[in-house]
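Got chain G sorted already, so can you dock chain W onto it with the hints?
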Amino acid sequence: MKKYILDLQVVSVEALSDKHVLIKLTDSKPLPEMLPGQFVEVRVDHSQDTFLRRPISIHFVDREHNQLWLLIASIGEGTRQLSKLQKGDKLNCVLPLGNGFTMPTSKSQKILLVGGGVGVAPLLYFGKLIKDYGAEPVFLLGARSASDLLEVDLFRKYGRVYITTEDASVGEKGFVTDHSILREEKFDQISTCGPKPMMVSVARYAHSENINCEASLENMMACGLGACLCCVEKTTKGNLCVCKEGPVFNINQLSWQI
Amino acid sequence: MANLNVKINDLELKNPVMTASGTFGYGLEFADFVPLNEIGGIIVKGTTLEPRQGNDYPRLAETAQGMLNCVGLQNKGVDYFCENIYPQIQNIDTNMIVNVSGNSPETYAACAEKIATLDKIPAIEVNISCPNVKSGGMAFGVTCEGAASVVKAVRKVYHKTMIVKLSPNVTNIADIARACEAEGADSVSLINTLMGMAVDIEKRKPMLSIRTGGLSGPAVKPVALRMVYDVAHAVKIPVVGLGGISNAKDAIEFLMCGATAIEIGTANFIDPAVTKKVKDGINDWLEAHGVKDVNEIIGAIQ
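Going down the list, the sequences are from chains G and W. So that you can map any letter, position 88 of the first sequence is 88 in our numbering, and since no number is skipped, the others follow by simple counting. Just so we're on the same page, our numbering is the position in the second sequence counted from 1, plus 258.
Please note: incorrect hints may appear among the correct ones.
[As the list claims (entries may be wrong)] When the alpha-carbon atoms are kept at most 25 Å apart in a straight line, the in silico BS3-like pairs for lysine-lysine are as follows:
(1) G:K29 with W:K534
(2) G:K234 with W:K461
(3) G:K29 with W:K461
(4) G:K234 with G:K196
(5) G:K234 with W:K334
(6) G:K244 with W:K534
(7) W:K494 with G:K3
(8) G:K3 with W:K535
(9) G:K237 with W:K534
(10) W:K461 with G:K19
(11) W:K534 with G:K234
(12) W:K535 with G:K90
(13) G:K90 with W:K461
Treat the hints as calculated values from the structure; they're not laboratory data.
Pulled out of the complex, with its shape left as it was, chain G reads as follows (with noise of 0.2 Å):
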């Protein structure tokens, strides 16, 4: 797939909660094909602390409106100057960059989503090209308590939702791997991104029930580009970049204890 350095303009910015802002950013031209699971690797600007650009997942693109949407949590120096643009600046980005997540091969095909704190920003897009292409999504989203759910009704919108909080503040209390409908249910697939003992503890799940499941990981990275050799992860075939060979693995090729 062919990748841009675009200069998109930020049409709005959202506060979610205290640290989650949702940008949705546009182009003069339609915007490049992008697929669920790949990202952006972004400039911040006006930092003297931050120096290389920021990877972002791709939450959602929204063609009618020719948008794309980035779900933003503050956690550090980057971040939180991204959290700060306004509406009609620029944002320097460099896009679509990695490998997205493997779509359903049969409409009757039952995909669970699961997500955990803002991991939860790739299955936006994924669960609508599921729903789009006939099959079902079903999404499992994870928080600390309700105040860190995000955009629950939107992801009503293309299918079933079920949470666990921590605190017990919004559905069942846990962790997601804790959920009743993992007993309740059997999925053709699972697809996860958030916190890396989260993803562990659904891969966990997802192998002793003999689904296929794949992850999103988020290493550190520099270029983005699969040049530098900064984001490695530990897979069955030695060394792999996140950037260019992941972000999405099959757990099968992951050195993950499950």
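Just chain W now, kept in the frame of chain G:
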């Protein structure tokens, strides 16, 4: 259009802009962003005789105007390069140069000998300055004897253009450059990364898996410039300058300090199209100043 052609020994570059090893993959990774044939030379990933897995993650720490890396020469080995990578890059219309590393003079030479058989690779860059491997690498680049031993071994088997990449982690880089020149190096490139360290104060641990790494980016540019100036005034062979070059102005500074060509490294991560911008920017500066040939500004600072 000013004349941008420069020569490193017999190696003709259509312009002085090259890419630094380990920052531009095999060129193909950047083909969507820059016309590769407009770059003077592409120095591909460090290659060793045997495959290397490199160091553990994390290999990267962001620092003020730069970054530390401790990749550790991860590559699939020279045989894999010859069989699988070379066929993909041999028709790129520029100088495709292979960066060669080893852990003894013999392994450097054995790797170089295999590269020598590839028709479309007109030059190698011998890396005696990688700070991130336990044996070999920088160990050879920090003494005159070590540098000389590698250059001598490679020179015996490699008869095309040999550039030797020097480490800045030395007392007197000009002495090392002279030792390389004396053993028949055609050129020296400098600087490789400066050894550094970064700390995660919450974890009370180093940020990098092997504690230290190599610093690159704009932060190192003044150090690199000073060393390029020193070496250019110490040897007769052409000098290739690198270290923090991010734009045409930076590149021209290196040329004026005596570099015949320059390499762009870490800046490729921030702007994947930077190489073409630097090349065009050098031409624009020359035209704006009525300079017809880039060679007129090389070494302008006495």
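Hint check results:
For the hint pairing K29 (chain G) with K534 (chain W), the CA-to-CA distance comes to about 24 Å; that is within 25 Å, so the pair holds. For the proposed pair K234 (chain G) and K461 (chain W), the alpha carbon gap of about 23 Å is at most 25 Å, so the pair holds. Only pairs whose Cα atoms come within 25 Å are accepted, and K29 (chain G) paired with K461 (chain W) is rejected, the gap being roughly 46 Å. Simply put, K234 (chain G) and K196 (chain G) have alpha-carbon atoms about 14 Å apart, close enough for the 25 Å limit, and the pair holds.
Of the supplied pair hints, the one linking K234 (chain G) and K334 (chain W) holds, its CA atoms being roughly 15 Å apart against a limit of 25 Å. For the proposed pair K244 (chain G) and K534 (chain W), the alpha carbon gap of about 23 Å is at most 25 Å, so the pair holds. Using a Cα cut-off of 25 Å, the hinted pair K494 (chain W) and K3 (chain G) is violated, with the two alpha carbons roughly 43 Å apart. About 18 Å separates the Cα atoms of K3 (chain G) and K535 (chain W), which keeps this hinted pair within 25 Å; it holds.
For the hint linking K237 (chain G) to K534 (chain W), the alpha-carbon distance of about 34 Å lies beyond 25 Å, and the restraint is violated. Restraint check for K461 (chain W) and K19 (chain G): satisfied, since their Cα atoms lie roughly 23 Å apart, inside the 25 Å limit. Between K534 (chain W) and K234 (chain G), the direct Cα distance comes to roughly 34 Å. Violation of the 25 Å bound is thereby established for this hinted pair. Annotation: proposed proximity of K535 (chain W) to K90 (chain G) holds, straight-line Cα distance about 20 Å (limit 25 Å).
Our distance criterion of 25 Å between C-alpha atoms is broken by K90 (chain G) and K461 (chain W), whose separation comes to about 36 Å.
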